[in-house]
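Full structure from sequences and hints, please.
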Amino acid sequence: MKTNSMLGTICLALLVVSALSYRHSVTRAERFERGQKFLAQLNADEIDRIEITRGEEAVTLKRGEESFLVASQHNYPAKNDAINRFINDALSISLEKEVGSGEKLETELELATGTEAATEYVFKNDAGKVLVHFMVGKSSEDGRGSYLKHLNKDDQAVYLSSKGVFLSTKADHFLKKSILDVASDKIQKISGKDFTISDVEGSLKLDNLPAGKKEGSELSGVKNMLSSLSFDNVFLADDSQVTSLNFNESVSVALKDKSSYKIEVASKDDKHYLRLSAQFDAEQIRLGRDDTKEQLEEYSATLTRNDEVTEFNNFHGSWVYEVSEFTAKKFIKTRAELIEDEKKDDTEG
Numbered sequence: 015m016k017t018n019s020m021l022g023t024i025c026l027a028l029l030v031v032s033a034l035s036y037r038h039s040v041t042r043a044e045r046f047e048r049g050q051k052f053l054a055q056l057n058a059d060e061i062d063r064i065e066i067t068r069g070e071e072a073v074t075l076k077r078g079e080e081s082f083l084v085a086s087q088h089n090y091p092a093k094n095d096a097i098n099r100f101i102n103d104a105l106s107i108s109l110e111k112e113v114g115s116g117e118k119l120e121t122e123l124e125l126a127t128g129t130e131a132a133t134e135y136v137f138k139n140d141a142g143k144v145l146v147h148f149m150v151g152k153s154s155e156d157g158r159g160s161y162l163k164h165l166n167k168d169d170q171a172v173y174l175s176s177k178g179v180f181l182s183t184k185a186d187h188f189l190k191k192s193i194l195d196v197a198s199d200k201i202q203k204i205s206g207k208d209f210t211i212s213d214v215e216g217s218l219k220l221d222n223l224p225a226g227k228k229e230g231s232e233l234s235g236v237k238n239m240l241s242s243l244s245f246d247n248v249f250l251a252d253d254s255q256v257t258s259l260n261f262n263e264s265v266s267v268a269l270k271d272k273s274s275y276k277i278e279v280a281s282k283d284d285k286h287y288l289r290l291s292a293q294f295d296a297e298q299i300r301l302g303r304d305d306t307k308e309q310l311e312e313y314s315a316t317l318t319r320n321d322e323v324t325e326f327n328n329f330h331g332s333w334v335y336e337v338s339e340f341t342a343k344k345f346i347k348t349r350a351e352l353i354e355d356e357k358k359d360d361t362e363g
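Residue numbering for the sequence shown follows the numbering used here, starting at 15 and increasing by one per position.
Don't read these hints as lab results, they were simulated from the structure. A hint or two may mislead.
No farther apart than 30 Å at their CA atoms in a straight line, the calculated lysine-lysine pairs in the DSBU-like style are these [as the list claims (entries may be wrong)]: (1) K177 / K203; (2) K343 / K190; (3) K118 / K184; (4) K93 / K177; (5) K272 / K228; (6) K93 / K111; (7) K285 / K343; (8) K191 / K343; (9) K93 / K143; (10) K228 / K270; (11) K200 / K177; (12) K203 / K272; (13) K200 / K307; (14) K207 / K177.
Each pair of labels, with its calculated beta carbon distance range [as the list claims (entries may be wrong)]: (15) K270 / E351: 22 to 30 Å; (16) A197 / E71: 35 to 43 Å; (17) S217 / N328: 42 to 50 Å; (18) N222 / S192: 32 to 40 Å; (19) K152 / A296: 55 to 63 Å; (20) K270 / N247: 13 to 21 Å.
Glycine included, each C-beta is placed from N, C-alpha and C at the ideal position.
Okay, structure coming up:
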């Protein structure tokens with residue numbers, strides 16, 4: 015009798031375990047659906063701060079008044095398109111399958127802190143609450159997907175994404191590197207170390223070109239020195255890495271709207287740096303009752319440009335920019351480098 019009772023208890027226990035296992039498997043099957051979004055609950059409008067950590071490198075982005083800032087780079091502005099692309103790429107991550115769980119699997123797939131490919135991403139709202147916290151590991155053997163897992167959920171499963179996950183991990187990817195973009199046809203005069211380039215009937219020409227000489231190929235780069243001007247790295251002006259720099263080279267660029275830019279150049283250890291300022295020499299505006307519409311529009315443009323110059327100085331005065339050698343050379347050319355000998359007519363005998 016006791017034996018039958020014991021067998022009955024064992025069978026009941028096995029039945030319960032079987033039922034629980036079945037329920038668990040069904041629940042997991044219902045929870046996972048191929049193609050589902052990994053960050054389905056993330057609302058882009060709620061994102062106020064993004065933290066990215068890979069190895070010893072950490073990048074922090076935070077929402078500013080007008081755009082995101084790279085907080086880990088002294089709050090330098092981020093490119094809107096880079097931020098939007100990053101968030102959209104994160105939201106678009108879809109899942110191919112669930113591959114398992116456990117510390118051994120996480121280490122193998124480089125989803126454990128300290129492993130080579132492991133990259134942590136944290137999205138927070140303006141109250142500092144974590145919206146999502148996840149880790150991306152290595153790519154699958156066929157390269158078609160990446161392994162990832164949530165870090166702020168009870169769900170400890172490791173997933174394989176439908177496509178490779180290539181979210182940015184470096185501050186360099188987010189910085190708004192464009193400084194100026196002034197077309198050469200807006201320039202009135204360029205004053206360099208020992209030369210002047212002036213606008214002559216709509217074209218920039220080197221002043222006082224000697225007989226037997228012509229403008230050299232290097233002149234084009236100087237004329238377009240402010241076109242798509244960008245930096246490689248940025249430092250606060252009082253950063254110890256740049257406070258000892260000697261900005262002993264400079265060039266001034268006067269525009270046709272009476273504003274101008276001064277670019278100072280320093281070089282150290284094969285690296286090159288720029289410091290920028292602007293000026294606007296507009297006459298004082300005096301409004302009159304009989305002013306025409308054209309005059310009023312001119313006054314408005316003058317005031318707008320004055321505000322732009324003030325804003326430019328307030329912002330760029332706080333920074334020193336590291337640029338490539340190719341960029342730096344445009345600002346330190348000498349007259350001798352901008353001219354070359356005219357070729358003699360081959361028919362001359």
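- prompt: Which numbered hints are broken by the structure, listed smallest first?
  reply: Hints 1, 6, 11, 14, 17 and 20 not satisfied by this model.
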